[in-house]
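*Asks:* Take the sequences, apply the hints, and build the full model.
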Amino acid sequence: MIYDVVILGGGPAGLAAAIEAKKEGAENVLILERDRELGGILNQCIHNGFGLHTFKEQLTGPEYAERYIDMAAELNIPYELNTMVLDMQDNGDTKMIHAISEENGYQALETKAVILTMGCRERTAGAIGIPGFRPSGVFTAGTAQRFINMEGYMAGKEVVILGSGDIGLIMARRMTLEGAHVKAVCEIMPYSNGLTRNIVQCLEDYDIPLKLSHTITFIHGKDRVEAVTVMQVDDKLKPIPGTEEIIECDTLLLSVGLIPENEISRGAGVEIDRRTNGPVVSELRQTSIPGVFASGNVVHVHDLVDFVSEESVLAGKGAARYVKGELKNEDNFTTVNGDGIGYVVPQHVTVSNIDKDLTFYMRVRKVFEGSVVNAYIGDEKIATKRAQKFVPAEMVNFKIKKSVLEKYPNGEIKFVVEPKEAKK
Amino acid sequence: MKKEMICISCPMGCHLTVEGEDGNYTVTGNTCKNGEIYGIQEMTNPQRVVPSTVVIKGAMLSRLPVKTADTVPKGKIFDVMKAIDEVVVEAPVKMGDVVLADVCGTGVDVVATKSMAAC
Ligand SMILES: Cc1cc2nc3c(=O)[nH]c(=O)nc-3n(C[C@H](O)[C@H](O)[C@H](O)COP(=O)(O)OP(=O)(O)OC[C@H]3O[C@@H](n4cnc5c(N)ncnc54)[C@H](O)[C@@H]3O)c2cc1C
Ligand code: SF4
Chain A
0 MIYDVVILGG GPAGLAAAIE AKKEGAENVL ILERDRELGG ILNQCIHNGF
50 GLHTFKEQLT GPEYAERYID MAAELNIPYE LNTMVLDMQD NGDTKMIHAI
100 SEENGYQALE TKAVILTMGC RERTAGAIGI PGFRPSGVFT AGTAQRFINM
150 EGYMAGKEVV ILGSGDIGLI MARRMTLEGA HVKAVCEIMP YSNGLTRNIV
200 QCLEDYDIPL KLSHTITFIH GKDRVEAVTV MQVDDKLKPI PGTEEIIECD
250 TLLLSVGLIP ENEISRGAGV EIDRRTNGPV VSELRQTSIP GVFASGNVVH
300 VHDLVDFVSE ESVLAGKGAA RYVKGELKNE DNFTTVNGDG IGYVVPQHVT
350 VSNIDKDLTF YMRVRKVFEG SVVNAYIGDE KIATKRAQKF VPAEMVNFKI
400 KKSVLEKYPN GEIKFVVEPK EAKK
Chain B
0 MKKEMICISC PMGCHLTVEG EDGNYTVTGN TCKNGEIYGI QEMTNPQRVV
50 PSTVVIKGAM LSRLPVKTAD TVPKGKIFDV MKAIDEVVVE APVKMGDVVL
100 ADVCGTGVDV VATKSMAAC
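Residue numbers (numbering that gives the first Met the number 0), protein chains in the order written: chain A, 0 to 423; chain B, 0 to 118.
It is possible that part of the hints are untrue.
Within a straight-line C-alpha distance of at most 27 Å, the following computed BS3-like cross-link-like pairs (lysine-lysine) qualify [said to hold, decoys possible]:
no., chain 1, residue 1, chain 2, residue 2
1, B, K93, A, K156
2, A, K380, A, K398
3, A, K384, B, K32
4, A, K388, B, K1
No wet-lab data here; the hints were simulated from the structure. Just so we're clear, the structure is a prediction, and the values are computed from it rather than from any experiment.
*Replies:* Structure (structure tokens):
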């Protein structure tokens with residue numbers, strides 16, 4: 000049998016993409032998931048704050064996942080659990096997916112389209128290289144989250160957290176509620192990398208100090224963490240001699256960023272954008288290989304699952320249209336990140352594939368106040384995105400109407416942060 | 000009295016200014032109605048949803064995620080956590096099932112946030 004669409008990863012991205020592909024008319028759809036259940040990272044995110052955009056309610060991670068799992072079940076979308084995808088091969092009209100599982104052993108599945116939804120993984124201590132021994136008690140925040148929320152093991156009692164990403168902030172509160180003492184969250188940048196609401200409800204609510212422009216320069220202890228040396232950094236992020244402070248603790252959590260998981264994509268020859276560490280994609284999330292689509296954290300790290308679902312609907316739509324031979328490939332525009340913008344997704348746009356409007360996702364490089372993001376084609380400003388404040392931790396979503404894009408000849412769409420114009 | 004705060008009701012995180020005295024407050028800076036409700040509540044009786052886990056027997060995993068079905072007063076969070084810690088449930092459980100009714104006299108139930116089959 001040749002599948003229409005095979006989806007690699009059953010997290011929120013994979014589920015939403017599968018549901019949309021099926022609704023848009025793809026018939027043989029299959030989800031492959033290496034874990035023991037569907038839902039991805041949401042299964043360990045037991046806190047509330049998911050789905051505000053999609054469902055207009057504050058859901059917890061598992062609740063958000065279950066709604067999508069139920070929708071997939073209603074559409075009778077099959078899935079295989081405990082199935083690890085090893086490799087993908089592009090044979091032109093079809094792709095081969097190689098996977099292994101205890102139940103079915105080795106499988107080679109042939110499919111017309113593939114959607115990559117493998118999510119991302121956490122950067123580890125090794126990846127950032129803090130001097131000291133390698134004692135036990137050093138965890139990535141997500142690993143600690145899984146231990147506590149799913150397996151029921153407490154990770155430690157006296158805790159220091161390095162990095163102010165959302166997972167670190169959420170874990171600061173979670174461990175406090177479970178009786179641990181969180182002594183500090185250290186962030187090397189002069190601003191937090193987490194959502195403002197998480198600073199308020201996870202740190203301020205529990206009087207946990209956030210040390211901005213501080214980093215950990217040494218981990219003490221041989222068998223178990225005993226303390227960490229914390230130092231202030233200058234504006235080049237170099238530790239300032241004389242600012243050393245030793246904080247005793249038995250646990251160090253790292254929340255120092257996420258990396259999209261793209262071994263399979265790279266292996267198949269999918270073009271990767273070095274700004275996002277994810278595949279270069281089009282408006283309907285087609286990668287550089289025709290018939291291979293991607294969405295969610297594998298494309299770029301999202302802070303809100305609602306936007307993962309939104310993006311995955313596009314990928315599902317794209318895959319279904321590809322299978323039906325209805326996907327256009329005119330590539331009218333390429334997007335460019337101008338001053339103040341770190342990256343833009345999608346990187347390519349075929350206007351005729353857009354329904355009514357297209358949302359461009361981007362991140363700013365630093366905190367901007369009193370500014371707007373402008374979109375230009377050539378010298379002409381085609382749209383403006385306003386907000387009270389732009390911060391790197393919060394993805395900017397910038398919607399532009401199809402009717403606006405249709406007015407311009409092919410070329411580049413450039414996004415730039417500019418000062419707000421004074422009101423006339 | 001005047002207080003600046005950040006609305007945590009949704010990821011927009013609007014910067015609110017709440018002004019006024021006992022029971023007579025005005026909120027500015029909010030983008031929607033929820034921001035007004037939040038701002039007034041923060042002055043009078045701050046509330047939070049408490050998510051946690053309870054022990055589950057006979058399921059694939061040993062912990063079942065739960066939450067308070069509504070917000071509870073901030074000052075009661077640690078009491079609520081203590082009460083939640085004592086709960087033990089048996090699989091199967093459906094999402095939304097009450098695992099602990101009227102936690103700490105708040106009138107709010109603690110409910111399962113995930114369905115777990117028996118195995
Ligand atoms: C700790 C944490 C807290 C968060 N808090 C919030 C929040 O409060 N509110 C909010 O809206 N969002 C939050 N998010 C963001 C949101 O949860 C994520 O952006 C979203 O879950 C990403 O979905 P995904 O499907 O792309 O990836 P994932 O959920 O990671 O799913 C990827 C799936 O692919 C599977 N997979 C990977 N490789 C393979 C392979 N080779 N073979 C088979 N299967 C594979 C994985 O097992 C996994 O199930 C949080 C994220 C994290 C990590
Ligand atoms: S005021 Fe409304 S839009 Fe602004 S953060 Fe609160 S709930 Fe969100």
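*Asks:* All the hints need checking, so say for each whether the structure fits it.
*Replies:* Evaluation of the provided hints:
1. For the suggested pair K93(B) and K156(A), the alpha carbons sit about 32 Å apart, so the restraint of at most 27 Å is broken.
2. Under the criterion of a C-alpha separation no larger than 27 Å, the hint pairing K380(A) with K398(A) is consistent with the structure, at around 14 Å.
3. Taken as a hint, the K384(A) and K32(B) pair is honoured in the structure, with Cα atoms around 23 Å apart against an allowance of 27 Å.
4. Taking the CA atoms of K388(A) and K1(B), the gap is about 22 Å. The hint holds against a cut of 27 Å.
Comparing the model with each earlier hint shows a violation of hint 1 alone; every other hint is respected.
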